[in-house]
Amino acid sequence: MVHQPCILTEIMSYFMSVFAFRNLVLPVQTKTLLKKHSIILLVFGFFAGLVFLGFFMTPYNPVETNFLNRLGSPSWQNWFGTDQMGRDIATRILYGAGWSVGLALIVSTAGAVIGTIIGLLAGSLGRLVDGFCMRMTDSFFAFPELIAAIVITGVLGPNTINMVIALILVSWMRFARLVRALTEDIKRRDYVIQAKLNKIPYYLVLSRHYLPNIILSVVVIWTSSWSRTILSISGLSFLGFGVQPPQAEWGAMLLDGKPYMLSAPHVMIFPGLAVLITVLTLNLMGDHLRDHLQALEK
Amino acid sequence: MTLNNFIRLALIKTASLILVLLGVSFLTFLLYYYAPGDKALAIANARYIGEGSASAELVEQIRLETGIDRPFLVQFYYWAQDIVQLDFGVSLVSQEPVSEIFVSQLQETLELAILSLVIGMSLAIPLSMISVWKPKSFIDRFAIALSSVGAAIPSYWLGLIFIFVFAAKLQLLPAYGSGSLAHLILPASTLGLWVLTSQTRLIRSFLLEASAAPFLETLKIRGVGPKELFCRHIVRHAFVPFITMLGLDLAFLLEGAVIVEVVFARGGVGSLLVHSVMSRDFPIIQCIVIFSAVTYVTINSAVEIFQWFINPVSLQR
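Protein chains in written order, with our numbering: chain G, 1 to 298; chain F, 1 to 317.
No lab work stands behind these hints: they were computed from the structure. A couple of the hints might just be wrong.
What the hints assert, rightly or not - For lysine to any residue, the following SDA-like pairs were computed, each having C-alpha atoms within a straight-line distance of at most 20 angstroms:
#1 G:K258 / F:L173
#2 F:K169 / G:L262
#3 G:K258 / F:S155
#4 F:K13 / G:K258
#5 F:K13 / G:D130
#6 F:K136 / G:D291
#7 F:K13 / F:T295
#8 G:K258 / G:L276
#9 F:K13 / G:L276
#10 F:K169 / G:M261
#11 G:K258 / F:Y78
#12 F:K13 / G:C133
#13 G:K258 / F:V274
#14 F:K13 / G:L128
#15 F:K13 / G:R135
#16 G:K258 / F:K39
#17 F:K39 / G:G157
#18 G:K258 / F:F166
#19 G:K258 / F:V165
Unchecked claim - Computed spacing ranges between beta-carbons, pair by pair:
#20 G:R189 / F:Y176: 52 to 62 angstroms
#21 G:G45 / F:E96: 54 to 64 angstroms
#22 G:L262 / F:L229: 50 to 60 angstroms
#23 G:I277 / F:I125: 26 to 36 angstroms
#24 G:V129 / F:V165: 50 to 60 angstroms
Glycine residues also receive a C-beta, built at the ideal position from the N, C-alpha and C atoms.
Only chain F is shown next, with the shape it has when bound in the complex (with noise of 0.2 angstroms):
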């Protein structure tokens, strides 16, 4: 019953995870098929830079190659095709394609993403666990100012500090651009302290809401002491929450990753895109907008899958 059951709801997973990515990729053919501005006329003038303002001839020519005149639907079906063969064209600014861009920017992002989830993690664990296992004690308090606190720091604002402090009044940590270890430690820990912050108050809440389980009062009289009840049994049930929030924080860094990269000024996806944002290269923007949406779609998914694995009750719902 439990495998049938399974393969049925793993198949409904599945066909709405296709029917939200054609959701995705026409939400994103929408905002470029109406987005103000001459499409070929900004092609001509970007293929062909420095020489003036491109003639008519030249305009509409690229209109016919590109096909940006035909109805909507017609053009969202090739655009289509070329998306699913995860051939994204070239870059309207460079002229280089955009998977190549792409890749080579995404590897900086990862750095960082990594880097901050492991120093955010690292700190929010420990802190959460004492924090319950030690209600009101000094800890417990810390952990709950510091997560209200650090929910309402802005992260452009601190990334400014930590430069301000570290880089321009000790002289400790270079504050600009990327290479070494030593320029990714000061973006990181941005990072790395929104990631300790908001994990802090979610792993607690999980272990706080897993403490009031009936169960627990149950094990306590069979005289299961305190210790052995908070590390096998309250652990063990704030795990699954555990596991699908760190799924979905993965696609959050890469949000957290934009402002950081710009105040830092970094390499990456995050100032990639808005370099071309603003320099309203079209392509970059559909590929990284559209990696970032199927990227969370699919860990979502994927962290689903992994809860019916974990815990088959839910499947039964």
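Just chain G, with the same shape it has in the complex (with noise of 0.2 angstroms):
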């Protein structure tokens, strides 16, 4: 007997799962993974804290310029000291968070589902779709990310959308790769062939079946794509090619502050602590998940 669904009642009922997975799940799991993973969650949910803070406030203006105190050495009134203009660099990390980091999540979000898409299509289409997108992909993947980032920035002209641009093109052939991968696997699966001969619509099929089973997978990738982001990011307007400086970006800074290196340190030493312990919370916190899930899956 086939149901007759629209599309409306099927974004329904496709919540209504996840909620459902959620509760069978997380409330078994909840206790052993807050114990096990308290102190990467801690260390999480403290970065978290004060970058959701240094949003709405800073201690200091973070584009307020102080000549009469340039290049300050760190002291109780500007703890990492004050840069090339006088402005504060405890608050321009805190503010530069949000670019850094907000910036990442949008463009390694933007790549998972770009990816995604182009994987589940490869994988469960036919194979002249399958290998139309692969070698799509294939052809995306053969320019190192960073050069591609590079040169489409500088084509297009050095701001922050088109770094955004530039990011999110050299991101989603990791996701497309891996969906493909799992959706292959998928479509020999029972259930699959079965929907398929009772002539289940194909968007049903896609997000009953191949979206729950591959999802978890996605964001293990996602979390590792987020903070390899962060550093292409820096890096790029570190290279003058992204976030312009005035703007309180951590890589911007790190070049702003270059050429007073020598003579003040700090100007450089702290923007480029901030990316590495980020990118370092990140990595761990994707590790702990990629070990959770792998635990779940058993």
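Using the hints, put the two chains back together into the complex; each one sits in its own frame.
Printed below as a string of structure tokens:
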């Protein structure tokens, strides 16, 4: 008996099944999850709180200059010192977290969505679509990420929007490959073949059978893509192709402070440390998430 | 059966390689074609530099000469014809042939890449082997910490720290420029540390994966000692993924070289790329982009074919 769904009820039931999944799995696992991963969750929560706080309130104004206090060393008033225009570095790092982490979140999420769609189409439709999509993925993959990002932003004009476009263009392939490999496997499962024989509409098979099976693996790759993108964004900004210097992005701050590095090393040390700690926290989060999901599967 | 199978797969691989190369060149041209700005004006200004802005007639003449106003596919055809013959044209800025500029810069990048690969690998291989040989020892913990911290260090920042510590404070090594071996040490260490951390992580995971293989239990019961087990069986099994990774590493090193070369103000393909992107020197950009993509794709395919030779089981899939 084939039921007659419409797209609206389908979306609703999809969300309901996601909630159902959460209700089934999470309560059982929450205790062990909190116990096993408590440290990294605390650290992540702490930094997430800082970023959130930095978005609304900072100790100083991040763009206000104060030439009386140029290149000031770290002190009780300015924990991380001041830069060549007398701006408080701690404030700028807090404020810049929104740029680095937020933009990276946008980029990696967009990449995940595009990659998942292409991977799903390639894996679940016929051989022709598969061949086309995968050769396209291979072609995009052939360009080293950073080189492609530099060239695209440079040619389109170095600013934040073009950098985001460039980074999305170089980040979706990883997802497409992963999703396609997973989909290939799901395609041969009995319930998918059964659904096909019952003439269940394609979008239903996608949302009911394919998506729930791949979503967790996508999330794991998504966290690593997020941290990689933070490195790319600050790297591009450091080279002068991303967020432009008056803005308080970490890479742009390094580029700004580079000439004053020898007399005032704190100008260079702290933005780099911010990148390091953020990326490290995200990487560790991703590792823990992967371990947790692997434990779930068993 | 194996040889026939091999030839068939090699043919399929070559066909898809050609398709990918076509896609690569198409994407590169697409970016050039849709780049904002008048290309004929840019060429005119670059060619007759110092004579003020180029006259309208001159721009028109260049437009006819280079065929910039022709349809997309026609332009792509002529462009691809030149590229296949490895003719990338002349640089818009210096008017020298692109291939000459590129080859002269490639040498410096190769020096940097090879030295950093040697530095990184000569530390990563023993470190990861000891770490798997003695799990939970001090070195194992060190390797784990190093690989997770190292993956998070931004290389431009590390380069600046190296300059600050070794060149400015201790005054041991020159910070900027290139020429002697001493100039090469700091950049190569920066890139080498990146190789070290990423490779330690990977080699360690390969070795761990190999040491979890079920046949090792049988060997153990047969009475094969732990030393022989490790050296003859585990290391051997980790070798295939290691080769795969080594090939891909070369491509990633080119990417890492971009930032390191800029930080240390060295010559090389990376800084050439950054400078030509800044001055919108399209022939050079195209040459570098196509070179890096073709290198990557070719290495990738070569590695895959090499894998078939070492491990014929992968052919049957």
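So, going through the hints one by one against the coordinates:
1. A C-alpha spacing of about 19 angstroms is found between G:K258 and F:L173, which places the hinted pair at or below 20 angstroms, so the restraint holds.
2. At roughly 9 angstroms between alpha-carbon atoms, F:K169 and G:L262 fall within 20 angstroms of each other, so this suggested pair holds.
3. For the hint pairing G:K258 with F:S155, the CA-to-CA distance comes to about 14 angstroms; that is within 20 angstroms, so the pair holds.
4. Between the alpha carbons of F:K13 and G:K258 the distance comes to roughly 47 angstroms, so the proposed pair goes past 20 angstroms and is violated.
5. Simply put, F:K13 and G:D130 have alpha-carbon atoms about 16 angstroms apart, close enough for the 20 angstroms limit, and the pair holds.
6. For a cut-off of 20 angstroms, the pair hint linking F:K136 to G:D291 stands: about 18 angstroms separates their Cα positions.
7. A hinted pair counts as satisfied when its Cα atoms are at most 20 angstroms apart, and F:K13 with F:T295 qualifies at roughly 16 angstroms.
8. Between G:K258 and G:L276 the CA atoms are separated by roughly 18 angstroms; this keeps the pair inside 20 angstroms, and the hint holds.
9. Only pairs whose Cα atoms come within 20 angstroms are accepted, and F:K13 paired with G:L276 is rejected, the gap being roughly 40 angstroms.
10. Using a Cα cut-off of 20 angstroms, the hinted pair F:K169 and G:M261 holds, with the two alpha carbons roughly 12 angstroms apart.
11. Distance restraint check for G:K258 and F:Y78: the Cα-Cα separation of roughly 44 angstroms exceeds the 20 angstroms cut-off, and the hinted pair is therefore not satisfied.
12. Pair hint F:K13 plus G:C133 holds up; C-alpha atoms about 16 angstroms apart against a cutoff of 20 angstroms.
13. At roughly 18 angstroms between alpha-carbon atoms, G:K258 and F:V274 fall within 20 angstroms of each other, so this suggested pair holds.
14. This hinted pair checks out: F:K13 and G:L128 have alpha carbons roughly 17 angstroms apart, not beyond 20 angstroms.
15. The hinted pair formed by F:K13 and G:R135 meets the criterion: a straight-line CA distance of about 12 angstroms does not exceed 20 angstroms.
16. Between the alpha carbons of G:K258 and F:K39 the distance comes to roughly 34 angstroms, so the proposed pair goes past 20 angstroms and is violated.
17. Straight-line distance between C-alpha atoms of F:K39 and G:G157 comes to about 15 angstroms, which keeps the hinted pair within the 20 angstroms bound.
18. Between G:K258 and F:F166 the CA atoms are separated by roughly 16 angstroms; this keeps the pair inside 20 angstroms, and the hint holds.
19. Taking the CA atoms of G:K258 and F:V165, the gap is near 14 angstroms; set against the 20 angstroms cutoff, the hint holds.
20. The hinted window of 52 to 62 angstroms between G:R189 and F:Y176 holds, with their beta carbons roughly 59 angstroms apart.
21. Distance hint check: the CB atoms of G:G45 and F:E96 are about 56 angstroms apart, consistent with the given range 54 to 64 angstroms.
22. For the pair G:L262 and F:L229, the beta carbons lie near 53 angstroms from each other, so the given range of 50 to 60 angstroms is met.
23. One distance hint, 26 to 36 angstroms for the beta-carbon pair G:I277 and F:I125, holds here, with the actual separation near 29 angstroms.
24. Remark: the range hint 50 to 60 angstroms for G:V129 to F:V165 is upheld by a beta-carbon distance near 54 angstroms.
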